[in-house]
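A.B. asks: Residue strings, one per chain:
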Amino acid sequence: MSLLTVRRLSKRFGGIAANREISFEVAAGELVGIIGPNGAGKSTLFECISGFYAPDAGEVELEGTRLTGLSPDLVCRRGVARTFQKLRPFQGMTVAENVMVGALTRTRDVRHAREQAHEWLRRVGLLEKANAHARTLSTGQRKRLELARALATGPRLLLLDEVTGGVDQRSIPALVELVRELHAGGLTLLLIEHNMRVVTAVAQRIIALHLGEVIADGAPSAVARSPKVVEAYLGQAYVA
Amino acid sequence: MNPQLSVAALDVAYGEFQVLWEAGLEVAAGEIVAVLGPNGAGKSTLVNTISGLLRPRVGSIRFEGQRIEGLPAHRRAAIGIAHVLERRRLFPFLTVHDNVLLGAHNARARPQREATLARLETLLPLLRTRRSQLAHTLSGGEQQMVAIARGLMAQPKLLMIDEPFLGLAPRMVEEIGVLVRRIRDEQGISVLFIEQNVELSLKLADRGVVLESGRTVLSGPSAELLRSAEVKRIFLGEFAG
Chain A
107 MSLLTVRRLS KRFGGIAANR EISFEVAAGE LVGIIGPNGA GKSTLFECIS GFYAPDAGEV
167 ELEGTRLTGL SPDLVCRRGV ARTFQKLRPF QGMTVAENVM VGALTRTRDV RHAREQAHEW
227 LRRVGLLEKA NAHARTLSTG QRKRLELARA LATGPRLLLL DEVTGGVDQR SIPALVELVR
287 ELHAGGLTLL LIEHNMRVVT AVAQRIIALH LGEVIADGAP SAVARSPKVV EAYLGQAYVA
Chain B
5 MNPQLSVAAL DVAYGEFQVL WEAGLEVAAG EIVAVLGPNG AGKSTLVNTI SGLLRPRVGS
65 IRFEGQRIEG LPAHRRAAIG IAHVLERRRL FPFLTVHDNV LLGAHNARAR PQREATLARL
125 ETLLPLLRTR RSQLAHTLSG GEQQMVAIAR GLMAQPKLLM IDEPFLGLAP RMVEEIGVLV
185 RRIRDEQGIS VLFIEQNVEL SLKLADRGVV LESGRTVLSG PSAELLRSAE VKRIFLGEFA
245 G
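The listed protein sequences derive, respectively, from chains A and B.
Quick note on numbering: the first sequence equals residues 107 to 346 in the numbering used here.
Quick note on numbering: the second sequence equals residues 5 to 245 in the numbering used here.
If you're looking for bench data, these hints aren't it; they were derived computationally from the structure.
Be careful, since some hints might not be right.
Claimed, not checked - Rough simulated footprint, nothing fancy, chain B against chain A, three-plus residues with beta-carbon under 8 Å:
1) 126-132
2) 261-274
Stated by the list, open to error - Not everything, but these chain A residues come out facing chain B in the computed CB check (under 7 Å):
3) Ala-330
4) Ser-332
5) Ala-343
Backbone N, C-alpha and C define an ideal beta-carbon position, used for all residues, glycine too.
Using the sequences and the hints, build the whole thing.
C.D. replies: Printed below as a string of structure tokens:
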């Protein structure tokens, strides 16, 4: 059975259909990239899967159990964690405390949560900042913090929204390597990425959205050559 | 012949976060040049550095032969560089007329502002028909026209526009495209613009400059860049070329 099922998912904002009857499945252990030009509906899709938006129609299921209609915290407890494109650390807390918030969704033992937080901070390369205030971090460090906090919730499925966006070019290879390691460790990942070179380098499969609809779904090589994708990104002139 | 604008080896950083790496471009007098690149490539940073909103860490910017990278933004506007900002940035609760007049703030343009405005009204009739309307009540396309008019009121030799077509309906995209061409053809003003839509941009521009991860990796005549396998690779990754 697939881990994630998205079935005919639609979400409108006034006259704009941000998502139109989006359907796809993700098997356990897959690493799937979601691409699309600005305004394609990628972030809206994440908001619907993670329970931040209620879709107007359609279903989201995790291992056959409905997630649609659950609040974000319940979706998280079922095993779906996410990062945010616009970073949202708890500003008044230390880095370690931020990650403990994630761990405390799984345990009531504060000491255990603290240990886990430190372990995840070590994994994302942020351990030396554990006692710093979240607001003092650079953008790249905040991205890592978001990742650690999401991972500390013990997800089966991790949604990453632009993990390399706004990050210094020099930090991208390390982030890509971290994504690869998490995937190799058995985590299922769904990755929104603007940077096509990043996504084709790590994803086994890519789903392309344009104007709210799925226009391609398949191997990166096939999706990058798909006439619909080429036209959406560059225009008709580039379609071979 | 020397280019009107010549940018070379520009490094620009926000704190420790470096965005541009040895970026460079040239614009000849009377040329329309498009700056292209995927999201986050550094297009706005480049244009903001040319207009003086940002200071480069190193590198040079020459305008009509003069080094200008040390000049403040208002001095660059006074010597002929106008910048139409991303999302237009009109004063929402000022009228169309007042928004446009504010463009002629510099000492060279101000004495002639009524004459300039009269000339612009023939190019953009909405400056007259919508004269007393508050800017925020205009449609996106009309706002873009007013923003461009405000830039032209400074009597620039080079007009830079950040995303002229952003969020506009197809009919408006066409009108703004025609406007950009007329600004060049009828007034001889060079235009440098940023745009996400590659094909549309190259059909309007004489030449394109492509940014990838903060570096200007490709530049050439539009006809060459349209259908270039390298452009495909930059936007769609290694598999697409």
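A.B. asks: For every hint, state whether the structure bears it out.
C.D. replies: Going down the list of hints, with the structure as the test:
no. : hint    : verdict
1   : 126-132 : violated (count 0)
2   : 261-274 : holds (count 3)
3   : Ala-330 : holds, 4 Å
4   : Ser-332 : violated, 9 Å
5   : Ala-343 : holds, 5 Å
Consistency with the previously given hints fails for numbers 1, 4, ordered from lowest to highest.
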